[in-house]
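Peer 1: The lines below spell out each chain.
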Amino acid sequence: MASFLEVIDVRKYFPGVKANDGVNLDVRAGEVHAILGENGAGKSTLMKLISGLYQPDGGEIRLEGRRVQFDSPRDAIRAGIGMVHQHFMLIPALSVADNIVLGDEPGGIRYDRREAVRRVRALSEKYRLSVDPEARVARLSVGLQQRVEILKVLYRRARLLILDEPTAVLTPQEAEELFEVVRHLKAQGIPILFISHKLDEVRAIADRVTVMRAGRTVDTLPTADASPQELANLMVGREVVLRVEKPEQRAGDVVLSVENLSVSDADRRPRVRGVSLAVRAGEILGIAGVDGNGQTELVDAIAGLIPVSGGRITFLGEDVTALPPGERTHRGIAYVPQDRQRDGLVLDFTLVENTMLRDVAHPPFSRRGLLQHRAARAHTEKLLEAFDVRPRDPDRKAGDLSGGNQQKVILAREVSREPSLLIAVQPTRGLDVGAIEGIHRQLLRLRQAGKAILLVSLELDEILSLSDRIAVMHHGQVVDIVPGDTATREQIGLLMTGTRSSESEVAQPSNR
Amino acid sequence: MSVLTNPQLWASTLAMTVPLALPAIGGTFSERAGVVNIAMEGIMLIGAFFGVAFSYWTGSPWLGLVLGVLMGGLLAAIFAWAAIRLAADQVVLGMAVNIFASGLTAFLLNTLFGYGGTPPETPSLPFVSLPGLGPVFAHQSVLLYVMLAIVVISHWFLFHTRLGLRIRAVGENPLAADTAGLNVWRLRYIGVIVGGMLSALGGVYLSIGILNSFDVDMTNGRGFIALAAMIFGKWTPVGSFLASLLFGFATALGVALQGQGVSPDLLSMIPYVLTILALAGLVGRSTPPAADGIPYTPIR
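Protein sequence lines correspond, in order, to chains Z and R. Take any residue in the first sequence, count from 1 to its spot, add 64: that is its number in this note's numbering. Take the second sequence: its position 67, counting from 1, is numbered 51 in this note's numbering, and each next residue is one higher.
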């Protein structure tokens, strides 16, 4: 097959960083080509070079055999490069049709809105991307907004579609719909460049995959021939343990017990309905479930972030149901929130400031109301060392760190307080394989140290490889709690739909 | 009640609305493009001064109007350059323009015309009476009708033309507009300069529309009431006009009630009270364009 897009030995340097340092890529007509690499491997820089946002410092880009140079996104769009950015480039206040035609609107001086709606409707039918052209973008779900983005580039007659980490913001169902769209577009002959750091989705959707590491392209291979282990090793540059070894461990005393807990949201809709569970010292209790089935509300209630509408939370033998979150923290509940950038860190603060946030009112970080900078700094340095945070610079702002290192900082802060219970919500969300391995090791180390761990995750593999027991939630209730060592994906998947395995056998006949 | 049925009240309401609605719509253009503009007061002063000055020098109030508006546009262009190209803080910049314009016009007035002020023989723009519409539309400045036309044209321009859509896009999300192939900076210049010209037209109205003279700081805070009208009018030309009409009515009522025991100071608070209520979401939530006031620097 002929090459559609070729990138030959492209380089892009920023002060102090070789973002792209010898990148080679060859996208053939009619294929789905994935670019796999860890965060910071240079994928986004490469995409910006191809879409005209950056200009290369060396090397060349060829489109259908001819050398091209894009001085702006406009040039790239004109040449048929359609970029769907990871962070959507949409205007929420405008309608779907307005967003799609913007920059190439029908009409003369007057904007022919009716024609715009007509064209968008035709386009969405042609590519089976159904969306209401007259809806306001602000009202659309993330999945639908992504469709608008895709329609936007198709409207500009894109001949190559670039999807930059398209599933990062999607639910699993939305991701599956996206894959359908990608397959359909491929069938229409549009080559697709698919950027990702997730092994499984690359294997699910791509024909060939190019792996990037540290600003270079390492290898290009057909996905059919590539094993996940091989890809992971290429990505990270060393042997990666996809499933960390879990040593035998006997659980100790009950640390946390929740009895008949109910939680309602701001609109008084019940989100957690009568959940009971217990977590013991030295065990990881995984909570599985499809997103939005009450997992977040459950752990937020345990941490004291939202009020309960019924039931009891007992921590180390004492009723903590009515205690404020600060007091619970003080007694030994640590919390790693789902959104590390919003709830976990103050991005504009340094690592020193971030690591002392929880205890800023107590010695050794403050005395008589004055901050003790030296003590805080020493503490931070120790944590950065112990958790291998890079760069190991306590004066860096938290926002400068990569996602994996940010997560390490949060984990370090929470763990350094010697908690009895650690609640971790999606601790590896958005991290690359190398970083995931690191976080998993830390969680298991805490388990060995006799901490009780409550792990909420949407990644079934994560739950299965780490948990001693797995509680599956559906519609605000715990459907079942099963032992982790014998659990299978199929079993958990079934429970996630709300069907209890023993029940289904008994219940089915009586339904007829 | 007799006050309300007096056509004089309504005629002066309209007359008071013009110098609010024009800068309010001007501000709408600027802020829709994403540049916060609190410099309407200063730009109006420039328009007012040069309107009179050129009207006197050329002997034609129409040339005075055109040149006054162009001078306003020029000041707006300088403001735009600093706000867009240099990414300066737009609020600080706007305040600087106001202080600069106040000082400059006072200085030029004294230097060019002496302490006697602008010459009394300066020609002013004509008044027009629309027959058959009663005393309310009798003897109104021609600029009242120009303003009404501008309301309609501005609405059409912002919401029904391709350029209007693009200007609004740039004020909402300049990065998205840039990746869609729009020239963000140029569109913002257009918004700010057109807005400045409309503000200056409001100033021209004050100096040679209803009078034929310029006085130091004669805008008397109207640029700020216009800012309030723009916000209260939810950043739309028609809304700005209706808010200006309400504020114009409050001013006219204050004048009419003078000597009847009602303090005009109380009535002159109305625009500001309504604006605070609008911003607090009590009188219909007012949300500015998403990228209003945020300078845009292309990444490349």
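Some hints here could point you the wrong way.
[Claimed, not checked] Partial list, computed: chain Z residues near chain R (C-beta under 10 Å): (1) P156; (2) E169; (3) G207; (4) S321.
None of these hints come from the bench; they were simulated from the model. Where a beta carbon is used, it is the ideal one built from N, C-alpha and C, also for glycine.
Peer 1: All hints are to be evaluated individually against the structure, with a verdict given for each.
Peer 2: Comparing the hints with the structure gives:
With a cut of 10 Å, the hint placing P156 of chain Z at the interface with chain R holds, because the nearest CB-to-CB distance is about 7 Å. Contact between E169 of chain Z and chain R, as hinted, is supported at the beta carbon level, the nearest pair being about 5 Å apart and thus within 10 Å. Of the supplied interface hints, the one on G207 of chain Z is violated, with its beta-carbon coming no nearer than about 18 Å to a beta-carbon of chain R, more than 10 Å. A cut of 10 Å between beta carbons decides the hint on S321 of chain Z: the least distance to chain R is about 44 Å, and the hint is violated.
Hints 3, 4 from the earlier list are contradicted by this structure; the remaining hints agree with it.
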